[in-house]
Amino acid sequence: MRPLKTINLAGLAFFFSLLLLWEISSRSSALQVYFPPVSEVVLSLFRLMLSQELLGHVGKTVKRFLTGYFLSAVLAVGLGIILGYFRLAYAFFEMLIEFLRPMPSVAIIPVAILFLGIGDSMIVAVTVYACTWPILINTIDGVRNIDRTLIHTGRTFGLGQWKILRRIALPAASPYIVTGLRISLAIALILVTTAEMVVGGGGVGYFILDEERSLRTSNMYAGVVLIALLGYGLNQLFLYIERKMMAWHRGAAAEEIV
Amino acid sequence: MKWDRESKLNGLIVFLAVIPVWELISRLELVNPLFFPPMSKILWSLYLLVFSGDIPYQILMSLKRAAMGYFLAAVVFIPLGIAMGLFGWVHRILEVVIEMLRPIPPPAIVPVAILFFGLGDAMKVFVIFFTCAWPMLLNTIDGVRNIDRVLMDTAATFGLSRRRAVTRVILPAASPQIMTGLRISLAITLILVVISEMVGSTDGIGYFILDSQRRFKVDQMYAGMLSLAILGYALNQLFLLFYSSVLAWHKGLTRMER
Amino acid sequence: MPLLKVEELSKSYRQLDGERTVAIEEISFQVEKGKFVSLVGPSGCGKSTLLMCIAGLIPPSAGRVTVKGIEVSGPPPNLVLLFQEYNKSLFAWRSVLGNVLFGLEVKGKRSQQAEEKARHLIGLVGLSGFEKHYPWELSGGMQQRVAIARALAYEPEVLLMDEPFGSVDALTRLELEDALLHLWEDLGTTILFVTHDIEEAIYLSDSICVLGRRPSKVLQRIDVSLSRPRNQLATRADMRFMELRNEIYKQIGEPAH
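Chains as they are written, first to last, in our numbering: chain F, 1497 to 1754; chain X, 309 to 566; chain V, 782 to 1038.
These are computed hints drawn from the structure, not numbers from a lab. Among the hints, erroneous ones may be present.
Said to hold, decoys possible - The calculated lysine-lysine pairs, modelled on BS3-like cross-linking and capped at a C-alpha distance of 25 Å, are:
1) X/K349 / X/K525
2) V/K816 / V/K786
3) V/K913 / V/K898
4) V/K888 / V/K869
5) V/K814 / V/K913
6) F/K1740 / V/K913
7) V/K913 / V/K890
8) V/K913 / V/K888
9) F/K1659 / V/K1031
10) V/K816 / V/K869
11) V/K998 / F/K1659
12) F/K1659 / V/K814
13) F/K1659 / V/K890
14) V/K814 / V/K998
15) V/K849 / V/K869
16) V/K998 / V/K816
17) V/K869 / F/K1740
18) V/K998 / V/K1031
Claimed, not checked - One side of the interface only, derived from the structure: several residues of chain F facing chain X at Cβ under 7 Å:
19) L1592
20) I1609
21) L1612
22) M1716
23) I1723
We treat Cβ as the ideally placed atom computed from N, Cα and C, and that holds for glycine.
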């Protein structure tokens, strides 16, 4: 039974004293634009949440995020299993992959705008492109690390190639795949937000930039807080699902460390 | 001559085959050549832009910001990480603030940075500085915390002063992990330079790519992307070189353990 | 007609430097239906390679294997190989029950009956109560039993076992030997058992193939005429047991301990 995390009083105290400092100094100085009082930011946040306006933006961002993320997951895991299992296939594409990897995925945005305009499909496309890399690399890694004995076991029980991939390779590589999926979670949010800022057209990313341009800074900060919460929430959700599905691995991994 | 399945040449062939395939697709107008110019045109653009000094200038601008942000972050966050790793109380006090700021997706910081610093270099440096904090801090803290107790006691036995202990024992012992943080941060830095340049800038390679797209100078856009890919690859290789020389002992050690 | 026939089986490998190493050379023997036959030889003499060839997992360089008269050119449907590294062959993501059920699932059996059968087998190998455990939670001996149960769930006509009790402690090994004999007597499976432990081979088998050093050939085929059911104390104390042991040691060329 995991022990309850002890609450970090000192840390909380420090954090809140910083907020207090912010609150006090912002009320008194002319720098209000840069540092609107914390209370005002919080109020803005609530106001925006209740109004339809921000909800609409959140909805757009989340929709693009989920579409891009799941699409890339399916694509990258499938491709990764094949490339990881069939050494020949990987040998063919290795150099290409190693060349494209270091290029920041965000550089794809202008190309995507060319082909797909400035709508949802463009944002989803760049998200898919960016998320594919970590999932693909990790899946390939995971499949390559599968012990030969496991594959032989599948074969001695009469499983054909396709069944082995699906029923043995996939679960055996799943710890690695999950790592890739976790990394992509953050990447997806980054890409969606960036794309929104570059092209406009709604979404929390666009909202934050727009509020900055209009110097409605408390709204801007509210947006930043909101998207941080969104990212945090998605991460926690992911960790929860991972804990449930990968219970078998935690134990095994823990054993290995010992 | 028998076809060697294992040869690295296969990967090279596929990689190089992209050029003629791209050329064909474009000239046969399988994809709109407006968006998909022939590779020959792109390579020619690249050649012209490199020798006119255009692209090197943009890259230099980007590198300037990247370097400033990266090294500033390293100089601030690695010592901070060491302090947090060594002194539990420092860690406790700062922990909450860090956990609050970490979930903010890096693009969301860009408008805030624009608010404070406008559209110049400082804005980009700030974004990079802010985002690199997390991998650098976390990995450094981890590295310091994971130093074997025995090593610390050895330093104490030899009567090393605190400062000497840090430079002679702690820093080297934690360096593999710190390197991991630096490596991750390097990749992040490049991505962030491009993001911040696309959202708010007047020069830099990220801006160049986006601007080329906006002006419909499509082959220039692709040329820019190519140079960005090469830049990413080069930085990677440079880092590996640095890593091998500084951490030669670690490479040997880990190879043994395997 | 013998159930399993190995004819002039050879397997050699080409090394990275171009040199050829011969693992096994012109091995021939037969196994009658329902019999328990052991392959004994010094470590590293290619026994695992031999089993892999018989199981159709790697192609032989020369010679052939027939199961029920049909030549083996891929994993035969009525044969299962139990690997030496059993812990690497178990599915870490499935529970004990899940692993054993796998043996049934691959034959298309997914019903309530299948689950009952799996539980029955788990009981037979002495792991009742551990159905929901995961492989990492079990000891080596227990993991080996799961692997055996999974293989038996498949109901193969021929079971190949590659040093199954090699990395298990001495006491557990004796338990497992007896458990295996009980299962064999119940199910009537034909078993080909590989071990470097001569006494284990004598204890378990109807007949023993003695293999020499690499490149292995069959040095001798010895029938074990000890009475069944075998008993750890009585059988091993039998004069004939020791005679057989000495005979085999002489064949392999190792001093008798």
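Now the hints, each set against the structure:
1. X/K349 / X/K525: OK: X/K349 and X/K525 at ~11 Å, within 25 Å.
2. V/K816 / V/K786: holds (13 Å)
3. V/K913 / V/K898: holds (16 Å)
4. V/K888 / V/K869: holds (22 Å)
5. V/K814 / V/K913: Cα-Cα ~35 Å, so violated.
6. F/K1740 / V/K913: holds (15 Å)
7. V/K913 / V/K890: holds (20 Å)
8. V/K913 / V/K888: Holds - the C-alpha atoms of V/K888 and V/K913 are around 22 Å apart, at most 25 Å.
9. F/K1659 / V/K1031: With Cα atoms ~47 Å apart, F/K1659 and V/K1031 exceed 25 Å; violated.
10. V/K816 / V/K869: violated (28 Å)
11. V/K998 / F/K1659: Roughly 37 Å between the alpha carbons, so the hint for V/K998 and F/K1659 is violated.
12. F/K1659 / V/K814: Roughly 31 Å separates the two Cα atoms, so the pair is violated.
13. F/K1659 / V/K890: Answer holds: F/K1659 to V/K890 is near 16 Å, not above 25 Å.
14. V/K814 / V/K998: holds (23 Å)
15. V/K849 / V/K869: violated (30 Å)
16. V/K998 / V/K816: holds (21 Å)
17. V/K869 / F/K1740: holds (23 Å)
18. V/K998 / V/K1031: holds (15 Å)
19. L1592: With Cβ-Cβ at 5 Å, under 7 Å, it holds.
20. I1609: holds (6 Å)
21. L1612: Since chain X brings no Cβ nearer than about 10 Å to F/L1612, farther than 7 Å, the hint is violated.
22. M1716: holds (6 Å)
23. I1723: Result: holds, 5 Å to nearest chain X Cβ.
Hint compliance for this structure: hints 5, 9, 10, 11, 12, 15, 21 are not met, and every other hint is.
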